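**Q** Spelled out from the first residue to the last, the chains are:
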Amino acid sequence: MASRYIANTPAEQREMLKTIGAASIEDLLVKIPPKARLSRPLALPPALAEADLVRHMRALAAQNADADRFSCFVGAGSYDHFVPSPINHLILRGEFFTAYTPYQPEASQGTLRTIYEYQTMIAELTGMDVANASIYDGASSLAEAALMAHAATDRREIVLARGVNPLYRQVTETYCEGAGIRLRDVPAPDGVLDLDAARKLVTAKTAALVIQTPNFYGVLEDVAAAAELAHAAGALLVVVADPVNLGVLEGPGRLGADIVVGEGQGLGVPMSFGGPNLGVFAAKSALVRRIPGRLVGATVDRDGARGFVLTLQTREQHIRRAKATSNICTNVALCALMATIYLATLGKQGLQRVGELSTAKAHYTAEQLTKIPGVSLRFAQPFFKEFALRLPKSPTTVVAKLAKRRILPGVPLKTYDRALGDTLLVAVTEQRTREEIDAYAGALAEVLR
Amino acid sequence: MSGAGAYDKLVFELSSPGRVGFSLPESDVPGRPVTELLPKKHLRGAAAALPEVSEFDVVRHYSRLSRMNYGVDTHFYPLGSCTMKYNPKLNEDMARLSGFARLHPLVRDEDAQGALRLMYDLAAMLAEIAGMDAVSLQPAAGAQGEFAGVLMIRAYHQSRGEKRTKVLIPDSAHGTNPASTAIAGYEVVEVKSLPNGEVDVESLAREVGPDVAAFMITVPNTLGMFEPRIMEITEICHARGVQVYMDGANLNAILGITRPGDLGFDVCHFNLHKTFTTPHGGGGPGAGPVGIKSHLAPFLPTPVIVKNGDTYARDWKRPQSIGKLQAFWGNFGMLVRAYTYIRTMGADGLRSVSDNAVLNANYILKRLEADYDVSVPGPCMHECVVSARRQKKQGVTATDIAKRLLDLGFYAPSTYFPLIVEEALMIEPTETESKETLDAFCDAMIQIARETEREPALIHEAPITTPVRRLDQTRAAREPDLTWSPKT
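Which chain is which? The protein sequence lines are L and Y, in order.
At position 307 of the first sequence (counting the first as 1) the number is 307 in this note's numbering, and the numbers step up by one without a gap.
At position 435 of the second sequence (counting the first as 1) the number is 435 in this note's numbering, and the numbers step up by one without a gap.
Hints should not be assumed to be uniformly reliable.
[Said to hold, decoys possible] A few chain Y residues facing chain L, derived, Cβ under 8 Å: (1) Glu36; (2) Ser63; (3) His104; (4) Ala115; (5) Lys163; (6) Val306; (7) Ile420; (8) Asp472.
[Stated by the list, open to error] Using C-beta positions, here's what the derived DEER-type ranges look like: (9) Y:Asp310 x L:Asn88: 30 to 40 Å; (10) Y:Glu190 x L:Ala59: 48 to 58 Å; (11) Y:Met231 x L:Asp129: 50 to 60 Å; (12) Y:Glu187 x L:Lys414: 50 to 60 Å; (13) Y:Pro25 x L:Thr314: 47 to 57 Å; (14) Y:Arg475 x L:Arg14: 26 to 36 Å; (15) Y:Ala46 x L:Ala51: 21 to 31 Å; (16) L:Asp190 x Y:Leu37: 18 to 28 Å.
Calculated from the structure, these hints are not laboratory results.
Computed from a prediction, not measured in an experiment: that's the story for all the values here.
For every residue, glycine included, the Cβ atom is placed at its ideal position computed from N, Cα and C.
Using the sequences and the accompanying hints, generate a full structural model.
**A** This is the structure:
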């Protein structure tokens, strides 16, 4: 049967073959040796008509505990922040949606302008001089930052605070192995970087110290103290930060960070089971020629009119090949566009409101939950929109029991740190209502009884 | 669209103090303000200088910016090696179902059975399409797929106690191939191709020694040609213990016709944003799953999606794994789109995709061969490379031709790639374009060839219909202006 995605009719095919001078499409495949040919049709499930396929997909989607049907208190790197309506309408404009990397700038000014806006907004939020056009996600951004710190300092050790998202650490390890970079960990017994331990580990061999704030446990780190410590050893400070929080929290660049990376998913990108995400990458201008990925710069056209182009491309793989600063080619431009529209829509006041509401609700949630006997905060530290909660029963059991009540109460930390077997990581965004929070507290009290 | 009077605003320039574009509820919980909840040293000294605009300002601004772009929906986009085919609208609806779009990555396996099943089935379908034994969906793009594949090869050799330090890559390869390989810790050795773009098999046979870990090659090659001696090549490599990697960027040419696994490849990545219709989004996100033969299975990225009876799970217990590539499990939203596409097409539909992609490319090649130099005689596969070397002698370069095409209503082919062809124009029409569109494009290319002789000034002036004219790249690089700041 003819496919709706292919225009050529049999008559048109014949006409084209006649022009080509071939008897059949088979004749065009002569360079493929016969023994290399697949002698049977691919064994795939049968094609489905549109309506049948929609039914099938809805059935699959219905088997997932999504945040529309469940109260989502899960964070740890992906957050249920509100997504204003215009974002989806605007990104679906085919001129944005179906374009590719702006290799022909004159026919890609829309994309280039949005990336330039994005770079400006991210630089402003993070307190850095420059931001790139995006990396895949927060974890791969951190990995790229580690490689960049190694290249910039010619040192082979990266010191990571235990408060850095452990999934990010795993990705960084994958990326660093080939370059022979060694990762060392600084403990966080109280939920924050142990400065004394860090001082011993950060040495003349250290390319960068990496901290995350708020860290994996939701706790705020002392960026200025970490910067001082790193710089004293001639190392760079890399800070992992969630840009959604930076409407309220100080940009790490203004506190001494040399590179800021993070997950920008909260800026209008759906959680989508963990991807696509938005890897934020920003740096001080001294490092600009070592930045991975694409950069957009302003310039002028022949008539002197303002225009935008991909620039400093001699860093990139299509020019430098094996000597490029990174192998990244396709990035997540559309997610960066979502973030740009999000930040334009929320604006100066809105992003601040999101941070304030999330903090207020997280603190209210913590108060309600810790009223339950046996439940307490794991760390006595200032936290933002996420906190580690110690439970008197196995967090895994609690998660299973609350799922039956359509509550996703958080992430059990046992898999990330054996010492935290009794701990649940709870995230609260502006999306959670008091009703949901109270229902969570009520349900938790019942299952712990 | 016209050059004169084009829209020239950035969102910051629309800002008016006090204007808002959002709607957020008042707090419904009791409590103290954030300034009391958190120590002052953590709080912003000054509010972030984000724009203050209305919702409608936002909508009109970005609608206007979108009109400064060419996309597949609006223009023929023959960008070679990028497979700029139609992106079905149904895919978008499916990716936006709440059960997918609003699903948190860290819910329990029990709470994500539909998502995990989709991933498991998609991996199995991709494995069948490529003739591989297993597929990891985790890589976020082709380059990350390459990186993962090379790391698995490295882990494999290490597990056998072999120290191999080099990876061979043809000079016609995409830049990501050497870049990904270098990051994985290998020395890249560039292998010279024959003038027709094919591998020099005899020379390769001399180069694959005990220090070579892998040979990485694109099939069909970047000139759009099938590598005729590919099975011999994979045999030679295997005889010397060398793993063979296929860059799957050009998979759109061979669906249901031949399979990388059957050709002898050990690893192959897929670009779901090329062959499998997920949108290019102005530069991404894509997805770059990587397929492997069973001997590499122990090294797959964690977690691996497995099926136990009727249920699906993420398996983390993989002691020999290369580790993780991104925080979560892959660009799931893209996986939903690719799954939707494969289920739409079925086996016959996918075969028809490649048949028509090959037909369309050969039609263009035939129609252009009188006016442009053809680097390798056809038939080609899904794309063709022509050279503007004849035009260059008259002062018109591949760049000039690309710019003139923009004025004539077409996006440009890839230019100056592959590097082994002088003044290359790499044209990939894809199967979704109609004969009328191909004819209009070929007519435009032929018109430009005529203009080269009669009115070259017209070409050198181009583009004149776009929102801006040719841009000063040198200035952009010499005086980098990467962020907006208010005029003082």
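**Q** Decide, hint by hint, whether the structure agrees.
**A** Here is what the structure says about each hint:
1. The beta carbon of glutamate 36 of chain Y comes no nearer than 10 Å to any beta carbon in chain L, farther than 8 Å, and the hint placing it at the interface is violated.
2. For serine 63 of chain Y, the interface hint holds, since its Cβ comes within 8 Å of a Cβ in chain L; the closest pair sits about 7 Å apart.
3. Checking histidine 104 of chain Y against chain L: minimum C-beta separation of about 5 Å stays under 8 Å; hint holds.
4. The criterion of a C-beta within 8 Å of any C-beta in chain L is met by alanine 115 of chain Y, whose closest approach is roughly 5 Å, and the hint holds.
5. Checking lysine 163 of chain Y against chain L by beta carbon gives a least distance of about 14 Å; that is not within 8 Å, so the hint is violated.
6. The interface hint given for valine 306 of chain Y is broken, as the beta carbon of that residue sits about 17 Å from the closest beta carbon of chain L, more than 8 Å.
7. Interface hint status for isoleucine 420 of chain Y: violated, as the beta-carbon distance to the closest one in chain L is roughly 13 Å, over 8 Å.
8. Contact between aspartate 472 of chain Y and chain L, as hinted, is supported at the beta carbon level, the nearest pair being about 5 Å apart and thus within 8 Å.
9. Between aspartate 310 of chain Y and asparagine 88 of chain L the Cβ separation comes to about 35 Å, which falls inside the hinted range of 30 to 40 Å.
10. With their beta carbons about 50 Å apart, glutamate 190 of chain Y and alanine 59 of chain L fall inside the hinted range of 48 to 58 Å.
11. A hinted range of 50 to 60 Å for the beta carbons of methionine 231 of chain Y and aspartate 129 of chain L is consistent with their spacing of about 53 Å.
12. Checked against the given bound of 50 to 60 Å, the beta carbons of glutamate 187 of chain Y and lysine 414 of chain L, roughly 42 Å apart, lie outside it.
13. For the pair proline 25 of chain Y and threonine 314 of chain L, the supplied restraint of 47 to 57 Å holds, since their beta-carbon distance comes to about 49 Å.
14. The hint said 26 to 36 Å for the Cβ distance between arginine 475 of chain Y and arginine 14 of chain L, and at roughly 52 Å that hint is violated.
15. Between alanine 46 of chain Y and alanine 51 of chain L the Cβ separation comes to about 54 Å, which falls outside the hinted range of 21 to 31 Å.
16. For the pair aspartate 190 of chain L and leucine 37 of chain Y, the supplied restraint of 18 to 28 Å holds, since their beta-carbon distance comes to about 19 Å.
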